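A.B. asks: Quick note, the sequences are listed as chains A and B, same order.
Sequential numbering from 1 applies to the first sequence in my numbering.
Sequential numbering from 1001 applies to the second sequence in my numbering.
Keep in mind the hints are simulated off the structure, nothing from the lab.
Please note that the accuracy of each hint is not assured.
To be verified - Residues of chain B clear of chain A, computed beta-carbon distances all greater than 10 Å: (1) 1086; (2) 1146; (3) 1162.
Unchecked claim - Capping the alpha-carbon separation at 25 Å, the derived lysine-lysine pairs in PhoX-like fashion look like this: (4) 12(A) - 1164(B); (5) 95(A) - 12(A); (6) 1102(B) - 95(A); (7) 96(A) - 12(A); (8) 1129(B) - 69(A); (9) 12(A) - 69(A); (10) 1102(B) - 96(A).
If you're wondering where the values come from, they're calculated on a predicted model, not measured in any experiment.
All C-beta atoms, glycine included, are put in the ideal place defined by N, C-alpha and C.
One-letter residues, chain by chain:
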Amino acid sequence: MLVVRLILVFFKVGFFAFGGGWATVRLLQEELVIRGGFLSQEEFADLISVSQITPGPVAVNMATYLGNKLGGFMAAILCTLALVAAPLIIFSLLKKFSGWFSSFISPGRLDRALNLGAVVLIAGAALSVIESIRPNLSAVLVGLSAFIVIRTTRVSPLFVLVGGGIVGILLFST
Amino acid sequence: MGVTYNAWYKRKGKAALCRLENPCVREGKPIKGARSLLRIFFTFSWVSIVALGGGYSMLPIYRRELTRLGVVNSEDVLTIITRAQSLPGPIAVNFAVVMGSKLGGIPGAFAAVSGVIFPPVVVILTLGKLLLEHRELSYLSGFLYGVRIVVVAMLGSLILDMLKRYKRSVWEYTMLGLAVVALFWKMPGLIIFIVVVLVDLFWRRLGV
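Isolated chain A, as found in the complex (with noise of 0.2 Å):
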């Protein structure tokens, strides 16, 4: 029962998931920390930032984590699927009813809505992760630095990630 209503939850949130993986993320955790109890918000950060440094989308990363922790490797599968069947379903469906659908809705319009939408989500995320964050210093002085960093190099994302884990090994180790 544990696995299907986690499967159903997966399936649920790739649904609402505008403007990339990382809306996922706020919708994952109210379900799996908050509600659920299926993990520690500590763990939860922490698959966020291993979900960051290995291939594939975030949300990806922690249907088929979550699913293999909770029911094994099949559920690990099936989580994975069930998260992706949205946008395979929503395509299908766009490319027989677009039409239709865009006589009562101009699809800009609606675009514009979900972009909005999406930002609060991610914004959402972001809160998610700062809540496992220690408001010290030096944590602020790292934040900004990758920021700017980020905001004004062509550096890859990921090096960025591993030079905030390396700093981190320094400055964060218990």
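Model the placement of chain B on the given structure of chain A, informed by the hints.
C.D. replies: Below, chain B without anything else, positioned relative to chain A:
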């Protein structure tokens, strides 16, 4: 979403674009077996591995790898990216859906999506599991904590890029502010999302 990607390009400068133009592309002359399902699967698996780092930084890599097949040119890839961005779900998966169906219909879409999720599934079940099982080790916990902070910075940058896409009114920014406050108070994200989208869709009709 469409212009988020363009905003990314603008910020990174045109050099990023030029560097990735592939001189070897012979448009209209697909390489042998370009549309076979196995080929689609492995192309997207490969792309998924080399596009490490995620998000919008991987789209130039997609461009390079897919024009290599000779079925689409780089303009097509841009159009497909724009279409992919209006679907829900991780951008890499959406892109695989749209591109896969262009290459091989619905079976092609399935092959492409399986290709994209294959490497992450394998890595998470092995390396990811190992890292998370030992996440309390001193150095590892420091490393993951450092990455956590950079993730917040990255999301901040992503939000700025997404907001650049449309010129928004003061009312919309007010609503955004209220939504963030509501998230801070732990109100359910799904409800906030739906309210924000509906209000933004219909607010002119409401006469605000």
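A.B. asks: Going back to the hint list, which numbers does this structure go against?
C.D. replies: 1, 2, 3 and 4
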